[in-house]
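Chains as they are written, first to last, in this note's numbering: chain A, 127 to 358; chain B, 45 to 325.
To be clear, the hints were calculated from the coordinates, so they are not data collected in a lab. Just so we're clear, the structure is a prediction, and the values are computed from it rather than from any experiment. All the pointers check out, no bait thrown in.
Going by beta-carbon spacing under 7 Å, a handful of chain B positions derived as facing chain A:
hint	residue
1	D125
2	A229
3	F251
4	Q252
5	N253
Virtual Cβ for every residue (Gly too), placed ideally from N, Cα, C.
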Amino acid sequence: MQDFTDALYTAAALIVHLDPELRGIVFLSLGVSLTASFCAFIIGSPLGTSLAMYRFRGSGAIIVIANALLGLPPVVVGLVVYLLLSRSGPLGSLGILFTPTAMVIAQTALGIPIVVALVHRMTVDNWAAYGDALLVDGASRLRAMVPIMLIGREGLLTAFLAAFGRAIAEVGAIIIVGGNIRGYTRTMTTAIALETSKGELSFALALGIILIILSMAVSMLSLVFGRALTAR
Amino acid sequence: MNRWPQFLKTSVIALLMTGAGLMGSPASAQEKSIVVASTTSTQDSGLFGYLLPIVKEKTGIVVKVLAQGTGQALDTARRCDADVVFVHAKSAEEKFLAEGFGIKRYPVMYNDFILIGPKDDPAGIKGKDILTALQTLKTKDAPFISRGDRSGTNIAELALWQEAGIDIAKDKGPWYKEIGQGMGAALNMASASNAYVLSDRGTWLAFQNRGDLAIVVEDDKRLFNQYGVMRVNPAKCPSVNKELGQQFIDWLISPQGQKVIAGYKINGQQLFYPNANDPNA
Numbered sequence: 127m128q129d130f131t132d133a134l135y136t137a138a139a140l141i142v143h144l145d146p147e148l149r150g151i152v153f154l155s156l157g158v159s160l161t162a163s164f165c166a167f168i169i170g171s172p173l174g175t176s177l178a179m180y181r182f183r184g185s186g187a188i189i190v191i192a193n194a195l196l197g198l199p200p201v202v203v204g205l206v207v208y209l210l211l212s213r214s215g216p217l218g219s220l221g222i223l224f225t226p227t228a229m230v231i232a233q234t235a236l237g238i239p240i241v242v243a244l245v246h247r248m249t250v251d252n253w254a255a256y257g258d259a260l261l262v263d264g265a266s267r268l269r270a271m272v273p274i275m276l277i278g279r280e281g282l283l284t285a286f287l288a289a290f291g292r293a294i295a296e297v298g299a300i301i302i303v304g305g306n307i308r309g310y311t312r313t314m315t316t317a318i319a320l321e322t323s324k325g326e327l328s329f330a331l332a333l334g335i336i337l338i339i340l341s342m343a344v345s346m347l348s349l350v351f352g353r354a355l356t357a358r
Numbered sequence: 045m046n047r048w049p050q051f052l053k054t055s056v057i058a059l060l061m062t063g064a065g066l067m068g069s070p071a072s073a074q075e076k077s078i079v080v081a082s083t084t085s086t087q088d089s090g091l092f093g094y095l096l097p098i099v100k101e102k103t104g105i106v107v108k109v110l111a112q113g114t115g116q117a118l119d120t121a122r123r124c125d126a127d128v129v130f131v132h133a134k135s136a137e138e139k140f141l142a143e144g145f146g147i148k149r150y151p152v153m154y155n156d157f158i159l160i161g162p163k164d165d166p167a168g169i170k171g172k173d174i175l176t177a178l179q180t181l182k183t184k185d186a187p188f189i190s191r192g193d194r195s196g197t198n199i200a201e202l203a204l205w206q207e208a209g210i211d212i213a214k215d216k217g218p219w220y221k222e223i224g225q226g227m228g229a230a231l232n233m234a235s236a237s238n239a240y241v242l243s244d245r246g247t248w249l250a251f252q253n254r255g256d257l258a259i260v261v262e263d264d265k266r267l268f269n270q271y272g273v274m275r276v277n278p279a280k281c282p283s284v285n286k287e288l289g290q291q292f293i294d295w296l297i298s299p300q301g302q303k304v305i306a307g308y309k310i311n312g313q314q315l316f317y318p319n320a321n322d323p324n325a
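Can you build the whole structure from these sequences, using the hints too?
So this is what it looks like as structure tokens:
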């Protein structure tokens with residue numbers, strides 16, 4: 127139990143003192159994961175919505191793939207993005223390996239299937255209920271897309287939060303494409319991995335506690351934001 | 045219904061702000077920086093945490109360290125993703141040079157490997173020489189954690205088994221666990237399972253989760269651990285930063301840099317011994 131009480135005290139001390147290095151790590155974690163989940167949301171939600179509204183050759187296959195990719199191992203995504211961005215890979219000339227941008231790309235790739243699968247699931251039901259009504263006015267399906275997304279806006283928020291949760295918690299992808307460089311690409315999760323390897327177990331756990339608090343804060347803010355959105 | 049555009053607008057603004065925040069973060073601004081692929085021991089021992097702020101102050105170079113283990117660090121450089129490698133396995137470094145990926149190898153510093161084990165030493169090898177110790181571990185099937193990750197320490201460990209006359213690839217049993225992770229992870233596992241493990245002295249001195257572990261074998265000349273630094277060849281990798289890479293190396297092997305390395309201590313104990321002047325190192 128000693129470890130856990132130590133961790134709680136350390137976490138409290140870290141929060142009170144707001145160590146500048148820790149602050150940088152927290153901002154980077156939030157910045158990368160929020161940006162990535164926004165990107166995944168912007169790409170994934172129209173895709174998930176249209177997959178529910180249109181049926182075409184291969185749409186079933188895309189849905190199956192998106193659902194299968196919910197279990198995509200971050201380390202594999204990290205490896206693929208690494209090979210693409212490596213100087214000897216196809217996108218090497220961009221020179222963005224081991225930068226926060228590379229981390230955003232990897233986490234976006236992890237988030238897209240989550241957003242697509244969740245938004246699709248939700249829109250299928252909404253489309254069954256409201257689709258005919260939306261089309262009866264003579265609107266095209268393209269035009270009906272915005273209202274159908276609006277009807278499911280709370281579900282969209284859930285999809286965004288799910289993508290964010292996946293991003294902020296993962297370490298496998300960003301440690302490969304970011305390199306865990308101190309002061310530059312070190313995030314909460316990679317710092318936890320590092321402190322564990324240094325045998326600083328209670329310090330690592332203290333960082334974990336802070337990460338959970340942060341994660342809860344983001345969820346709460348989003349829910350408040352979401353409530354404001356649905357309020358009349 | 046007309047709240048949707050508002051939501052969209054807010055999202056876009058938030059996205060732009062986080063994006064701008066990332067762009068504006070100090071480290072991503074244009075600056076003098078290089079990527080150094082190095083070993084977990086140089087990071088886990090705290091050497092880089094101590095050294096790099098001094099490097100920045102003296103040379104103006106921001107060094108971005110990838111702590112990867114020697115084998116992986118050399119592979120990262122082979123893919124042109126690092127400017128400099130700072131590792132500890134002479135045989136692997138010479139191969140890297142022979143392939144044309146490195147330009148010249150500079151010895152920087154040394155310390156030594158130590159055999160760590162449970163304090164009560166169930167295999168009874170305390171104070172023996174390393175070869176006898178390994179033979180005894182094998183005979184008694186004593187639990188042993190191997191890095192198994194082609195790191196400098198792993199390469200040294202495999203060479204020691206061979207020197208002890210044991211074909212570890214063939215003779216290993218359930219007592220010999222290859223974990224494929226860094227030095228710190230290996231020490232954590234040894235601590236949790238009371239196993240023996242080969243470590244570099246620097247990581248051991250900095251390691252905080254010792255549990256019932258202690259040094260059982262040390263001060264054997266076969267346990268010498270040399271670190272070297274090499275610049276990645278621009279002929280193979282045109283994108284490398286050769287000027288800054290060379291400046292970093294020049295500083296490390298300069299009298300000033302060597303003195304700073306010698307000055308890194310934990311609890312009064314020196315972790316690394318500079319030897320850039322030793323041509324045979």
